[in-house]
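Novice: Chains as they are written, first to last, in this note's numbering: chain A, 1 to 121; chain B, 1 to 144.
Treat the hints loosely; a few may be bogus.
[What the hints assert, rightly or not] Ranges between beta-carbon positions, derived for each pair:
(1) Ala105(A) / Asn116(B): 36 to 46 Å
(2) Asp89(A) / Thr38(B): 16 to 26 Å
(3) Ile125(B) / Ser7(A): 25 to 35 Å
[Unchecked claim] In silico contact screen, one side only, chain B against chain A (beta carbon under 8 Å); selected entries:
(4) Arg63
(5) Trp91
(6) Asn116
(7) Val121
(8) His122
(9) Arg124
(10) Ile125
(11) Thr140
Hint data in this document are derived by calculation from the structure and do not stem from the laboratory.
Backbone N, C-alpha and C fix where the C-beta goes; we use that ideal spot for every residue, glycine too.
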Amino acid sequence: MGSFYISEDVTHDGVVVLAAGGEIDYEASPHLRKCISNHLKAGSTRVMLDLSAATFIDSTAIGVIANSAGRMSEIEDGSLTLVCPSENDKVLQILEIAGLPAVVALHDSRDEALTLLAGDT
Amino acid sequence: MRGQAQPVASSRSSDELRLRAQPSELKLARDYARQAATAFGFDDDGCYEFVYAVNEAVTNAIRHGAPDARGSIRLSVSSEADRLMFTVRDWGRFATSLESSASTSAHGRGFALMANLVDEVHLRIEPEGTIVTLSKICATMCPS
């Protein structure tokens with residue numbers, strides 16, 4: 001495994017916060033898929049994926065995010081939210097070229113995302 | 001910052017790198033591309049874009065291609081004037097991934113990203129395998 005890592009947290013509001021860092025490539029994307037999938041199976045409806053510390057994200061990982069967002073949109077009150085600050089311009093550029101903001105809500109910070117998620121409930 | 005250790009199965013000649021057709025080899029492909037792009041004179045953004053496209057091409061070869069009898073796919077870098085070229089060769093058939101290259105599919109997304117980040121993506125399907133060549137002009141090498 002390269003430099004990929006993922007950490008998991010749950011806020012007091014029940015939002016699952018996943019922070020994926022390092023290089024998210026085809027070796028890492030199955031781990032990301034499994035992590036999100038496990039939370040869905042456990043009944044989580046709101047997942048936030050923070051890419052602030054990601055240095056690289058390939059098309060297979062973007063596919064995992066898009067597919068997960070699709071799955072979550074079928075769950076009542078389900079949502080997948082993405083965080084990628086403007087300072088992480090390289091990853092942000094890739095997400096935009098791939099058209100991900102059209103299918104997943106993208107926020108500049110965790111606070112911004114969590115405020116909006118709290119407002120949804 | 002980055003480990004340079006190479007697995008025993010990988011070998012490098014002057015401008016060619018053989019990698020095992022496994023996801024764990026992608027980091028070596030990126031390191032190889034990064035070194036070539038840096039040496040050619042690409043700036044930070046240009047390097048990132050070149051490496052990104054290379055990673056997509058090699059990922060495709062690992063996912064959908066087939067290795068040679070030794071379990072390898074073959075990567076090479078060459079240059080022509082202000083262009084840096086990267087080639088990945090595998091021994092499988094790429095046709096199925098092309099057929100499903102709608103922009104929403106994983107393949108389509110990978111191709112769209114590659115096409116956006118380099119100047120040319122060339123795909124050659126031969127009876128014995130597939131060759132993908134990426135070509136990127138180095139603007140920082142030849143100021144107008």
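Novice: For every hint, state whether the structure bears it out.
Specialist: Verification of the hints:
1. Ala105(A) / Asn116(B): 36 to 46 Å: Taking Cβ atoms as reference, Ala105(A) and Asn116(B) lie about 23 Å apart, which means the hint is violated.
2. Asp89(A) / Thr38(B): 16 to 26 Å: With a Cβ separation near 19 Å, Asp89(A) and Thr38(B) satisfy 16 to 26 Å, so the hint holds.
3. Ile125(B) / Ser7(A): 25 to 35 Å: Violated - the Cβ-Cβ distance for Ile125(B) and Ser7(A), about 43 Å, lies outside 25 to 35 Å.
4. Arg63: The hint holds - Arg63(B) has a Cβ within 8 Å of chain A, the shortest such distance being about 7 Å.
5. Trp91: Where the cut-off is 8 Å and the nearest Cβ of chain A is about 19 Å from Trp91(B), the hint is violated.
6. Asn116: Since chain A brings a Cβ to about 5 Å from Asn116(B), closer than 8 Å, the hint holds.
7. Val121: Not OK, violated: Val121(B) not within 8 Å of chain A, min 13 Å.
8. His122: violated (19 Å)
9. Arg124: violated (21 Å)
10. Ile125: violated (21 Å)
11. Thr140: Violated, because the Cβ-Cβ distance from Thr140(B) to chain A comes to roughly 17 Å (cut-off 8 Å).
Checked against the numbered hints given earlier, this structure breaks hints 1, 3, 5, 7, 8, 9, 10, 11; the rest are met.
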